[in-house]
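> Spelled out, the chains give:
There are 2 protein chains.
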Amino acid sequence: MKSSSKMITFLLAATLFNAFASAAPRQEPIQPIEAAKVENPAKVELGKKLFFDPRLSRSGFISCNSCHNLSTGGSDNLPSSIGHNWQQGPINSPTVLNSSMNLAQFWDGRAADLQEQAGGPIANPGEMASTHDLAIEILRSIPGYVNEFGAVYGNSKIDLERVTDAIAAFEETLVTPNSRFDQWLKGDNSALTKAELKGYELFKNVGCVACHNGPAVGGNSFQKMGMVAPYETDSEVEGRSAVTGRDADRFSFKVPTLRNVELTYPYFHDGAIWSLEQATDIMARLQLGRTLTKAEIDSIVAFLKTLTGEQPQFKLPILPPSTPATPRPQPFENKPAG
Amino acid sequence: MKSSSKMITFLLAATLFNAFASAAPRQEPIQPIEAAKVENPAKVELGKKLFFDPRLSRSGFISCNSCHNLSTGGSDNLPSSIGHNWQQGPINSPTVLNSSMNLAQFWDGRAADLQEQAGGPIANPGEMASTHDLAIEILRSIPGYVNEFGAVYGNSKIDLERVTDAIAAFEETLVTPNSRFDQWLKGDNSALTKAELKGYELFKNVGCVACHNGPAVGGNSFQKMGMVAPYETDSEVEGRSAVTGRDADRFSFKVPTLRNVELTYPYFHDGAIWSLEQATDIMARLQLGRTLTKAEIDSIVAFLKTLTGEQPQFKLPILPPSTPATPRPQPFENKPAG
Numbered sequence: 001m002k003s004s005s006k007m008i009t010f011l012l013a014a015t016l017f018n019a020f021a022s023a024a025p026r027q028e029p030i031q032p033i034e035a036a037k038v039e040n041p042a043k044v045e046l047g048k049k050l051f052f053d054p055r056l057s058r059s060g061f062i063s064c065n066s067c068h069n070l071s072t073g074g075s076d077n078l079p080s081s082i083g084h085n086w087q088q089g090p091i092n093s094p095t096v097l098n099s100s101m102n103l104a105q106f107w108d109g110r111a112a113d114l115q116e117q118a119g120g121p122i123a124n125p126g127e128m129a130s131t132h133d134l135a136i137e138i139l140r141s142i143p144g145y146v147n148e149f150g151a152v153y154g155n156s157k158i159d160l161e162r163v164t165d166a167i168a169a170f171e172e173t174l175v176t177p178n179s180r181f182d183q184w185l186k187g188d189n190s191a192l193t194k195a196e197l198k199g200y201e202l203f204k205n206v207g208c209v210a211c212h213n214g215p216a217v218g219g220n221s222f223q224k225m226g227m228v229a230p231y232e233t234d235s236e237v238e239g240r241s242a243v244t245g246r247d248a249d250r251f252s253f254k255v256p257t258l259r260n261v262e263l264t265y266p267y268f269h270d271g272a273i274w275s276l277e278q279a280t281d282i283m284a285r286l287q288l289g290r291t292l293t294k295a296e297i298d299s300i301v302a303f304l305k306t307l308t309g310e311q312p313q314f315k316l317p318i319l320p321p322s323t324p325a326t327p328r329p330q331p332f333e334n335k336p337a338g
Numbered sequence: 339m340k341s342s343s344k345m346i347t348f349l350l351a352a353t354l355f356n357a358f359a360s361a362a363p364r365q366e367p368i369q370p371i372e373a374a375k376v377e378n379p380a381k382v383e384l385g386k387k388l389f390f391d392p393r394l395s396r397s398g399f400i401s402c403n404s405c406h407n408l409s410t411g412g413s414d415n416l417p418s419s420i421g422h423n424w425q426q427g428p429i430n431s432p433t434v435l436n437s438s439m440n441l442a443q444f445w446d447g448r449a450a451d452l453q454e455q456a457g458g459p460i461a462n463p464g465e466m467a468s469t470h471d472l473a474i475e476i477l478r479s480i481p482g483y484v485n486e487f488g489a490v491y492g493n494s495k496i497d498l499e500r501v502t503d504a505i506a507a508f509e510e511t512l513v514t515p516n517s518r519f520d521q522w523l524k525g526d527n528s529a530l531t532k533a534e535l536k537g538y539e540l541f542k543n544v545g546c547v548a549c550h551n552g553p554a555v556g557g558n559s560f561q562k563m564g565m566v567a568p569y570e571t572d573s574e575v576e577g578r579s580a581v582t583g584r585d586a587d588r589f590s591f592k593v594p595t596l597r598n599v600e601l602t603y604p605y606f607h608d609g610a611i612w613s614l615e616q617a618t619d620i621m622a623r624l625q626l627g628r629t630l631t632k633a634e635i636d637s638i639v640a641f642l643k644t645l646t647g648e649q650p651q652f653k654l655p656i657l658p659p660s661t662p663a664t665p666r667p668q669p670f671e672n673k674p675a676g
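Taken in order, these protein sequences are the chains called L and H.
Per our numbering, the first sequence starts with residue 1, numbered consecutively.
Per our numbering, the second sequence starts with residue 339, numbered consecutively.
Any given hint could be a false lead.
[Unchecked claim] Okay, derived cross-link-like pairs now, DSSO-like style, lysine-lysine, Cα gap no bigger than 30 Å in a straight line:
#1 L:K37 / L:K157
#2 L:K194 / L:K204
#3 L:K37 / H:K387
#4 H:K632 / H:K536
#5 L:K315 / H:K524
#6 H:K653 / L:K186
#7 L:K305 / H:K495
#8 H:K643 / H:K375
#9 H:K387 / L:K305
Since the hints were made in silico from the structure, they are not lab data.
Work out the full structure, taking the sequences as your base and the hints as a guide.
See the structure below:
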C-alpha cells in the first residue's frame with residue numbers, strides 16, 4: 001500500500017470514528033422525542049379541523065385550541081381555563097404537546113388515552129358545554145365534514161368514536177422534536193452550554209429526574225403533590241383519588257411533562273406559580289426536601305429552557321361552512337340581549 | 339405562400355384570437371380581487387402574531403382571531419360576538435377578509451382605516467377589555483416581540499401606532515382572489531354554470547348591484563337598512579348617525595361585502611338571518627321594493643356562492659413567550675374562584 005493511500009485510509013477511518021462518536025446517542029434517563037410519523041394524513045387533517053372547530057361547543061366560540069392553544073405551547077397560559085359562559089375551570093389546562101406520551105390523560109388520569117380524553121371537554125358543562133349528540137348532529141349537517149369523514153373512514157357515518165379518533169390522530173402529531181437538549185442527547189456536544197449541562201447534572205443529582213424522566217420528561221407516573229411538606233393552594237381539587245377512590249391517592253397528580261416548560265406557564269395543577277425559578281424552588285422543597293440556592297435554581301432553569309422543541313408547524317385549517325340545517329350556536333341562551 | 343403555411347397562419351391567428359377573447363377581462367360593475375402584494379413580509383408576520391395573540395385582551399383569552407376567525411371566513415359565525423366576561427356584543431362582527439377595500443371600518447364607519455380600527459376592540463370594555471397602556475406594557479415585556487419590532491421598525495420601540503400598523507399590514511394580506519366569479523370576470527367562460535350566470539344577471543337587473551358593486555361587492559357606501567320598508571329587529575343599534583350626529587343617518591350602515599358571503603353567516607348588522615335565501619328575500623323587499631319568487635331567490639343565491647374565493651393560507655403563528663415581568667392576564671378578577 002502506498003503512503004498516500006494509507007493516509008486516505010487513515011483519514012477515512014478517523015472521519016468515520018468521529019462521525020460515530022459525535023452521533024452516538026447518550027444513555028440518559030431522558031430520551032429524545034422523535035418526529036411524528038403520519039400514517040394517515042387525511043385523518044390528521046380532519047382531526048386538525050375538528051380541533052379548531054368552535055362548533056363543537058354550545059356557544060360556537062370555544063374550540064379545543066381555545067384552551068390548548070398551539071400558538072402558545074399547547075396551553076392557554078392561564079391559571080385555569082375559561083369555559084362556557086366564562087366559567088372558571090377547576091384546574092390548569094395541561095399542554096396538548098407530546099401528550100400522546102402520557103400514561104393517561106387529565107391531571108388525575110381519568111381518561112386512558114387521547115381518544116377518550118377528546119370527548120370530555122365537549123360535553124363538560126363547565127367547558128364546551130355541548131352534548132355529544134348535539135356535536136355529532138352539527139357535524140352531520142355540514143356537507144364538507146360528511147365528505148371528509150367518508151374519505152377517511154370509507155363511509156360517511158359521523159359518530160363520537162370517529163370524531164375523537166380523528167382528533168386523537170391529529171394530537172399524536174403534536175410532538176416537539178429537536179430541542180437543544182435532544183440534539184445533545186443524540187450526541188451533539190455543542191448543543192448545550194456548560195452552564196446548561198451543569199444544570200442537567202444538578203437536575204439528576206438533586207433527584208428531579210426520579211419523576212421527570214422518559215421522552216416527555218414526565219407524564220409517565222402519578223405522584224403526590226407535597227411528598228415531604230404539603231402544598232399550600234386555594235384549589236379544592238384532590239387529584240387521583242377522584243378516580244381510584246383511595247384516600248392514599250389524595251393530592252396525587254400525573255407528573256406534568258417538562259418539555260416546552262418555558263412556554264407552558266403558569267405551573268402546577270392550580271396554575272398558581274408563574275416563574276420557573278419559583279416552581280423549581282417549590283418542587284425541590286416539597287418533593288425532595290431540599291432547599292436549593294439561587295445559583296442552583298438558576299442552573300436547573302437554564303437546563304429546563306433547553307427542553308423547548310420545534311413547535312408543530314401547519315397551516316391554519318379552513319373549516320367547512322354550516323348550512324341552514326345546522327343547529328345554531330347558543331352563546332347567550334340564558335342571558336338577556338345586551 | 340403555400341396552402342399549408344396559410345393554414346398554419348390561419349390556425350395561429352385563430353388561436354391568438356381565442357386566447358385573447360377568453361382572457362379579455364369583462365367590463366362589469368364588479369371587479370376581480372387581486373392577490374395581495376406583500377411589500378414588507380416581516381411586518382406582516384409580526385402583525386399576524388399580534389392578530390393571534392390573546393395577551394392583547396385583559397383575560398389573556400381573546401385575540402383578534404377570536405371574533406374574526408380566519409378558519410371561518412374571517413368572522414365568528416355568531417349573531418353578535420362574545421366579549422370579556424362573556425358579554426354580548428351589540429352588533430355582528432364583520433368579516434376581516436377583504437376589509438382593506440372598505441371605505442371605512444366598523445358597520446358605522448367610525449374608523450377611517452384598518453389601523454384605526456385595530457385599536458378599538460383592544461380597549462373596548464365589552465370586547466377585549468384591556469387598555470392600550472396595558473397591552474403595550476405586556477408586549478414590551480416579551481423579548482421575542484421587542485426583537486421583532488426592532489427588526490421591522492429599525493428600533494425596538496413598541497407603541498400603539500406600531501402595533502396597529504403591523505396588524506393592519508397583516509389584515510391587508512387577507513384578500514380572497516380567484517373565486518369562480520373572478521375567473522369568469524377575467525374571461526374564463528367555463529367558470530360559471532348557466533344557472534349561476536343567470537343569477538348574476540338577475541342580481542344586476544333587480545338592482546342589488548346598485549349597492550353591492552366594486553371588487554368587494556359592497557363595502558364602498560353607507561346605505562339605510564330599510565329603504566322601502568323598515569327592518570324589524572331587536573337590535574338597538576342606529577348605525578351611521580352615531581358617527582355623524584345626523585338624524586338622516588339613523589339605521590344607515592356600511593354595505594357589507596358579499597365576497598365569501600356563503601361563509602359569513604349569520605347576516606345583517608344584527609346577525610338575525612341565517613340563510614342566504616332569507617337574506618336575499620329581505621333585501622329585495624326592504625331595499626328594492628321587490629318580492630322575488632323562490633326561483634329568483636335561488637338563482638341569485640347560486641350566483642352569490644360563486645363569490646367564495648381562495649381563503650388566506652398561512653401557518654399558525656407561534657407566539658413568543660411571556661416572562662415573569664409580563665403583567666399577568668386577569669380573566670376572573672371580579673369573580674370568586676370557582
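> If a hint holds in the structure, say so; if it doesn't, say that too.
Cross-check of the supplied hints:
| no. | hint | verdict |
| --- | --- | --- |
| 1 | L:K37 / L:K157 | holds (26 Å) |
| 2 | L:K194 / L:K204 | holds (15 Å) |
| 3 | L:K37 / H:K387 | holds (28 Å) |
| 4 | H:K632 / H:K536 | holds (14 Å) |
| 5 | L:K315 / H:K524 | holds (29 Å) |
| 6 | H:K653 / L:K186 | holds (29 Å) |
| 7 | L:K305 / H:K495 | holds (27 Å) |
| 8 | H:K643 / H:K375 | holds (26 Å) |
| 9 | H:K387 / L:K305 | holds (22 Å) |
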